[in-house]
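Protein sequence lines, in the order shown, are assigned to chains A and B. Residues in the first sequence are numbered consecutively from 23, following our numbering. Residues in the second sequence are numbered consecutively from 2, following our numbering.
Just so you know, the hints here were simulated from the structure itself, not pulled from any lab data. Hints are supplied without guarantee of correctness; some may be wrong.
Restraint ranges, calculated between C-beta atoms of paired labels, are given here [stated by the list, open to error]:
{"id": "1", "chain 1": "A", "residue 1": "Ser86", "chain 2": "B", "residue 2": "Pro9", "range": "20 to 28 angstroms"}
{"id": "2", "chain 1": "B", "residue 1": "Ile16", "chain 2": "A", "residue 2": "Thr27", "range": "20 to 28 angstroms"}
{"id": "3", "chain 1": "B", "residue 1": "Ile16", "chain 2": "A", "residue 2": "Thr107", "range": "46 to 54 angstroms"}
{"id": "4", "chain 1": "A", "residue 1": "Ser147", "chain 2": "B", "residue 2": "Gln28", "range": "26 to 34 angstroms"}
{"id": "5", "chain 1": "B", "residue 1": "Lys43", "chain 2": "A", "residue 2": "Thr144", "range": "29 to 37 angstroms"}
{"id": "6", "chain 1": "A", "residue 1": "Gln139", "chain 2": "B", "residue 2": "Pro9", "range": "28 to 36 angstroms"}
{"id": "7", "chain 1": "A", "residue 1": "Glu88", "chain 2": "B", "residue 2": "Gly17", "range": "41 to 49 angstroms"}
{"id": "8", "chain 1": "A", "residue 1": "Arg52", "chain 2": "B", "residue 2": "Lys104", "range": "17 to 25 angstroms"}
As a list, the in silico DSS-like pairs of lysine-lysine whose alpha-carbon atoms are at most 30 angstroms apart [as the list claims (entries may be wrong)]:
{"id": "9", "chain 1": "B", "residue 1": "Lys46", "chain 2": "B", "residue 2": "Lys104"}
{"id": "10", "chain 1": "B", "residue 1": "Lys43", "chain 2": "A", "residue 2": "Lys81"}
{"id": "11", "chain 1": "B", "residue 1": "Lys43", "chain 2": "A", "residue 2": "Lys35"}
{"id": "12", "chain 1": "B", "residue 1": "Lys108", "chain 2": "B", "residue 2": "Lys43"}
{"id": "13", "chain 1": "B", "residue 1": "Lys46", "chain 2": "A", "residue 2": "Lys81"}
{"id": "14", "chain 1": "B", "residue 1": "Lys104", "chain 2": "B", "residue 2": "Lys40"}
For each residue, glycine too, the CB sits at the ideal point set by N, CA and C.
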Amino acid sequence: QVTLTESGPVLVKPTETLTLTCTVSGFSVRNPSMGVSWIRQPPGRALEWLAHIFPNDVKSYQTSLETRLTISKDTSRSQVVLTLTNMDPADTATYYCARINIFDDFWSAYFLDYWGQGALVTVSS
Amino acid sequence: DIQLTQSPSSLSASIGDRVTISCRASQVISTYLNWYQQKSGKAPKVLIYAASTLHSGVPSRFSGSGSGTDFTLTISSLQPEDIATYYCQQSYGIPRTFGQGTKVEIK
Numbered sequence: 023q024v025t026l027t028e029s030g031p032v033l034v035k036p037t038e039t040l041t042l043t044c045t046v047s048g049f050s051v052r053n054p055s056m057g058v059s060w061i062r063q064p065p066g067r068a069l070e071w072l073a074h075i076f077p078n079d080v081k082s083y084q085t086s087l088e089t090r091l092t093i094s095k096d097t098s099r100s101q102v103v104l105t106l107t108n109m110d111p112a113d114t115a116t117y118y119c120a121r122i123n124i125f126d127d128f129w130s131a132y133f134l135d136y137w138g139q140g141a142l143v144t145v146s147s
Numbered sequence: 002d003i004q005l006t007q008s009p010s011s012l013s014a015s016i017g018d019r020v021t022i023s024c025r026a027s028q029v030i031s032t033y034l035n036w037y038q039q040k041s042g043k044a045p046k047v048l049i050y051a052a053s054t055l056h057s058g059v060p061s062r063f064s065g066s067g068s069g070t071d072f073t074l075t076i077s078s079l080q081p082e083d084i085a086t087y088y089c090q091q092s093y094g095i096p097r098t099f100g101q102g103t104k105v106e107i108k
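Extracted from the complex, chain A is given alone in its bound form (with noise of 0.2 angstroms):
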């Protein structure tokens, strides 16, 4: 059974960096064919991709988010991680990871096939 669950701190100050973990299960980071991606989702508004990691360590990033973000993985612990620094009350929102499934091996295209079940984080003082 294929799990992915999102860990981390539901209240952030501003200027904090957020440090969000996805601990997987059902399937493994190596796999060649899947990866992990993360998502998030404002409250009321719609879903926006943030980031992507593959099997082979290929990371890609939300463009307008570049410079903020980090993602990286932990194979023998079955997590990837999602940082984002120098938090805003524009950040809070619902943030989910989901598993990558490769349908076009030549272009990296790919579908979400299972989704955590999201964390929602705060941006206050």
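Using the hints, position chain B against chain A.
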């Protein structure tokens, strides 16, 4: 960045109606387009990937079509459990953008 524009932003339909949602990309993305359903308070679930491939376990009343820049999600006969917000997502360029969503309600 590739922009995805969904229309309409919301719709109201009766049970049994055929519902169509459009997603237009700002550039050609071949068939690298996915559709997700998100029910209130829940994580999204994939319905369709690669524009027209029905994900395992998804009811056959859902279908997807299109290529290039214009894509459509169709619900052939709306059911009460289909009340949700639907999002398209492109898997062609970086960043992997989502549309703004289409909220489906029962009339």
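These are the hints, each one checked on the structure:
Separated by about 26 angstroms at the C-beta atoms, Ser86 of chain A and Pro9 of chain B satisfy the suggested range of 20 to 28 angstroms. Our hint of 20 to 28 angstroms for Ile16 of chain B and Thr27 of chain A is violated, since their Cβ atoms are close to 36 angstroms apart. Checked against the hint of 46 to 54 angstroms, the C-beta distance between Ile16 of chain B and Thr107 of chain A comes to roughly 48 angstroms, which is consistent with it. The hinted window of 26 to 34 angstroms between Ser147 of chain A and Gln28 of chain B is violated, with their beta carbons roughly 41 angstroms apart.
At roughly 20 angstroms, the beta carbons of Lys43 of chain B and Thr144 of chain A sit outside the given window of 29 to 37 angstroms. Between Gln139 of chain A and Pro9 of chain B the beta carbons are some 29 angstroms apart, a value that agrees with the proposed interval 28 to 36 angstroms. Separation of Glu88 of chain A from Gly17 of chain B is about 46 angstroms and conforms to the stated range, judged on CB atoms against 41 to 49 angstroms. Remark: the range hint 17 to 25 angstroms for Arg52 of chain A to Lys104 of chain B is contradicted by a beta-carbon distance near 39 angstroms.
With a CA separation close to 15 angstroms, the supplied pair Lys46 of chain B and Lys104 of chain B stays within the 30 angstroms bound. Taking the CA atoms of Lys43 of chain B and Lys81 of chain A, the gap is near 27 angstroms; set against the 30 angstroms cutoff, the hint holds. With a C-alpha separation of about 26 angstroms, the suggested pair Lys43 of chain B and Lys35 of chain A falls inside the 30 angstroms cut-off, and the hint holds. Distance restraint check for Lys108 of chain B and Lys43 of chain B: the Cα-Cα separation of roughly 22 angstroms lies within the 30 angstroms cut-off, and the hinted pair is therefore satisfied.
Straight-line distance between C-alpha atoms of Lys46 of chain B and Lys81 of chain A comes to about 23 angstroms, which keeps the hinted pair within the 30 angstroms bound. Restraint check for Lys104 of chain B and Lys40 of chain B: the C-alpha separation of about 10 angstroms stays at or below 30 angstroms, so the hint holds.
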